[in-house]
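Those protein sequences? They're chains H and L, same order as listed.
For what it's worth, the numbering used here labels the leading residue of the first sequence as 1, then goes sequentially.
For what it's worth, the numbering used here labels the leading residue of the second sequence as 295, then goes sequentially.
Note that these hints are calculated values from the structure, not bench results.
Keep in mind that the hints are not guaranteed to be accurate.
Stated by the list, open to error - Pairs of lysine-lysine, DSS-like flavour, derived with a Cα cap of 25 Å:
| no. | chain 1 | residue 1 | chain 2 | residue 2 |
| --- | --- | --- | --- | --- |
| 1 | H | LYS69 | H | LYS256 |
| 2 | L | LYS376 | L | LYS461 |
| 3 | H | LYS187 | L | LYS319 |
| 4 | H | LYS256 | L | LYS461 |
| 5 | H | LYS187 | H | LYS118 |
| 6 | L | LYS461 | H | LYS118 |
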Amino acid sequence: MRNPALHHAKLPTVTLGRLFIYASLIAMAALYLMPLWVVLLTSFKTTADIRTGNLLSLPDVWVLDGWLKAWSSACTGVSCNGISGYFINSSVMVLPAVAISTLLGALNGYVLSMWRFKGSELLFGLLLFGCFIPFQVILLPMAQTLGWLGIANTTAGLVLVHVIYGLCFTTLFFRNYYQALPGEIIKAARLDGAGFFTIFWRIVLPLSRPIIMVTVIWQFTAIWNDFLFGVVFSAGDNQPMTVALNNLVNTTTGAKEYNVDMAAAVLAALPTLLVYFVAGKYFVRGLTAGAIKG
Amino acid sequence: MLLAHPQTASRPWRWSLSLERALPKLVLAPSLLLALVCIYGYMAWTGYISFTSSSFLPNYEFTGAGQYLRLLENDRWLVACKNLALFGVLFIGISLLLGVFIAILLDQQIRAEGALRTIYLYPMAISFIVTGTAWKWILNPSLGLEKLAHDLGWSSFTFDWLTNPDKAIYTLIIAAVWQSSGFVMAMFLAGLRGIDASIIKAAQLDGASKPRIYLRIVLPCLRPVFFSAIMVLSHIAIKSFDLVTALTAGGPGYSTDLPALFMYAHAFTRGQIGLGAASAMMMLAGVLAILVPYLYSELRGKRHA
Numbered sequence: 001m002r003n004p005a006l007h008h009a010k011l012p013t014v015t016l017g018r019l020f021i022y023a024s025l026i027a028m029a030a031l032y033l034m035p036l037w038v039v040l041l042t043s044f045k046t047t048a049d050i051r052t053g054n055l056l057s058l059p060d061v062w063v064l065d066g067w068l069k070a071w072s073s074a075c076t077g078v079s080c081n082g083i084s085g086y087f088i089n090s091s092v093m094v095l096p097a098v099a100i101s102t103l104l105g106a107l108n109g110y111v112l113s114m115w116r117f118k119g120s121e122l123l124f125g126l127l128l129f130g131c132f133i134p135f136q137v138i139l140l141p142m143a144q145t146l147g148w149l150g151i152a153n154t155t156a157g158l159v160l161v162h163v164i165y166g167l168c169f170t171t172l173f174f175r176n177y178y179q180a181l182p183g184e185i186i187k188a189a190r191l192d193g194a195g196f197f198t199i200f201w202r203i204v205l206p207l208s209r210p211i212i213m214v215t216v217i218w219q220f221t222a223i224w225n226d227f228l229f230g231v232v233f234s235a236g237d238n239q240p241m242t243v244a245l246n247n248l249v250n251t252t253t254g255a256k257e258y259n260v261d262m263a264a265a266v267l268a269a270l271p272t273l274l275v276y277f278v279a280g281k282y283f284v285r286g287l288t289a290g291a292i293k294g
Numbered sequence: 295m296l297l298a299h300p301q302t303a304s305r306p307w308r309w310s311l312s313l314e315r316a317l318p319k320l321v322l323a324p325s326l327l328l329a330l331v332c333i334y335g336y337m338a339w340t341g342y343i344s345f346t347s348s349s350f351l352p353n354y355e356f357t358g359a360g361q362y363l364r365l366l367e368n369d370r371w372l373v374a375c376k377n378l379a380l381f382g383v384l385f386i387g388i389s390l391l392l393g394v395f396i397a398i399l400l401d402q403q404i405r406a407e408g409a410l411r412t413i414y415l416y417p418m419a420i421s422f423i424v425t426g427t428a429w430k431w432i433l434n435p436s437l438g439l440e441k442l443a444h445d446l447g448w449s450s451f452t453f454d455w456l457t458n459p460d461k462a463i464y465t466l467i468i469a470a471v472w473q474s475s476g477f478v479m480a481m482f483l484a485g486l487r488g489i490d491a492s493i494i495k496a497a498q499l500d501g502a503s504k505p506r507i508y509l510r511i512v513l514p515c516l517r518p519v520f521f522s523a524i525m526v527l528s529h530i531a532i533k534s535f536d537l538v539t540a541l542t543a544g545g546p547g548y549s550t551d552l553p554a555l556f557m558y559a560h561a562f563t564r565g566q567i568g569l570g571a572a573s574a575m576m577m578l579a580g581v582l583a584i585l586v587p588y589l590y591s592e593l594r595g596k597r598h599a
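Just need the whole structure built from these sequences, with the hints factored in.
And the structure:
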């Protein structure tokens with residue numbers, strides 16, 4: 001491309017081609033943004049406005065009715081207290097679940113990469129398989145077990161389930177990351193007499209910032225967005241946000257209020273979208289790491 | 295192998311040394327054991343239940359493969375499998391085409407690439423329930439796209455896919471492609487960035503056109519990325535549960551039923567645990583049918599590399 005003659009000769013076709021490229025990219029971007037735009041517009045309309053206008057028309061008057069109702073008084077199944085309680089449920093569930101699964105994943109990955117023993121690779125392979133199974137094969141026994149433990153339909157039960165099945169991914173992330181660290185650091189530390197936990201806290205963990213970010217974001221997104229575990233292992237007032245949103249949208253009593261549905265949808269999407277826009281780099285890294293290695 | 299500690303410790307240290315040596319295993323044991331029991335133990339449990347006549351409660355009396363036979367005769371299950379095949383093929387195919395196309399366009403030294411990439415990928419951060427809710431509204435037969443087209447002057451336009459049993463499955467495909475094609479884009483963009491630029495330059499000097507270079511040289515180099523993407527997408531397809539619940543709930547009738555929805559309905563709302571377990575095992579078999587050849591080729595590739 002630096003060759004001026006070559007560049008010059010191709011100039012006309014190049015500009016036309018580039019016009020096509022930019023036009024396609026922008027058209028696609030508009031298409032991808034359209035649902036979010038429609039959802040936001042609808043959430044600020046009145047129900048009358050929704051019936052007279054269309055998907056892309058701006059609200060006649062911008063109102064917060066939909067948002068207020070979604071938050072505090074919309075009906076989700078039997079109760080009519082809005083989604084605020086479920087939003088809190090999800091928050092209370094996601095924090096310990098992410099923290100515990102990340103910490104355990106870091107410890108597991110540390111052992112499986114730096115303190116390998118006979119059979120440890122096999123154990124890792126067995127655990128890895130857990131990333132792939134359709135969770136339908138564990139739902140029934142898990143429901144039974146949670147019942148035996150007395151934590152069926154509680155947030156604690158959901159946290160436990162998310163930790164157990166999140167371990168497959170978190171261990172994978174940390175193990176692959178630690179595998180790539182130079183082994184000399186650890187060997188030197190060990191010759192100096194540093195023990196298992198000293199090396200972990202003093203040397204390995206301070207080097208783990210990027211992979212902790214990736215794992216936390218991955219787990220946060222996966223757990224916040226989960227629906228299957230939520231709908232199977234929780235009931236009534238203990239349900240997470242995704243289940244409540246689905247109940248709200250599919251509650252058939254009375255006239256449909258699309259502004260309320262859309263406001264609730266935005267609220268359910270807000271935490272993960274925020275994380276994505278703030279730390280998208282790590283989100284993408286987790287996706288590709290989980291996909292290519294997993 | 296890193297465990298080879300120098301054996302020079304004197305006697306008083308021996309006990310603490312062996313503790314130190316067992317420590318990694320002690321740290322690993324609880325969480326790993328728990329996870330493995332909850333994967334393999336539970337899989338075996340579900341497998342066993344699928345050979346019993348359990349209905350509302352698990353019943354441990356072995357009754358043979360009756361549930362699987364019932365499954366094969368169950369019209370709803372067959373519809374669910376047919377839907378999964380159609381949904382899987384179109385969802386994977388369109389996502390791949392779209393993702394590869396966008397990735398190649400983005401790879402042409404585009405201004406504001408970062409912003410565009412962020413836009414294409416943001417649906418991936420959203421729950422399928424939210425995606426389903428949004429598209430259910432957009433595709434609403436009277437107030438959605440149809441009304442938009444009417445207001446724009448296209449008065450004969452009708453769009454009733456959500457309520458049309460023959461077309462409803464395609465609404466799932468639209469929403470799923472919207473959610474996941476950005477992810478394909480990200481994978482391929484990463485792959486494209488890994489390709490040696492000198493190959494492309496050399497082909498360009500030979501007079502090959504850009505589209506030809508991509509079709510003949512670049513995309514064949516990205517074969518592994520294709521395989522990974524197909525792996526992930528088929529995985530998403532088989533597990534699809536949230537999206538169909540939120541968008542069509544399997545309806546109209548059970549025209550958009552999928553295996554995951556079938557399993558949930560029978561195991562948890564219709565009191566047919568045995569049949570639900572059998573359908574879950576069939577889903578596992580489906581995942582294995584894709585996973586095993588993939589892992590096999592991966593491992594073989596590594597050994598030969």
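Evaluation of the provided hints:
no. : hint                : verdict
1   : LYS69/H - LYS256/H  : holds, 13 Å
2   : LYS376/L - LYS461/L : holds, 14 Å
3   : LYS187/H - LYS319/L : holds, 19 Å
4   : LYS256/H - LYS461/L : holds, 23 Å
5   : LYS187/H - LYS118/H : holds, 19 Å
6   : LYS461/L - LYS118/H : violated, 55 Å
Violated hint for the displayed structure: number 6, the only one.
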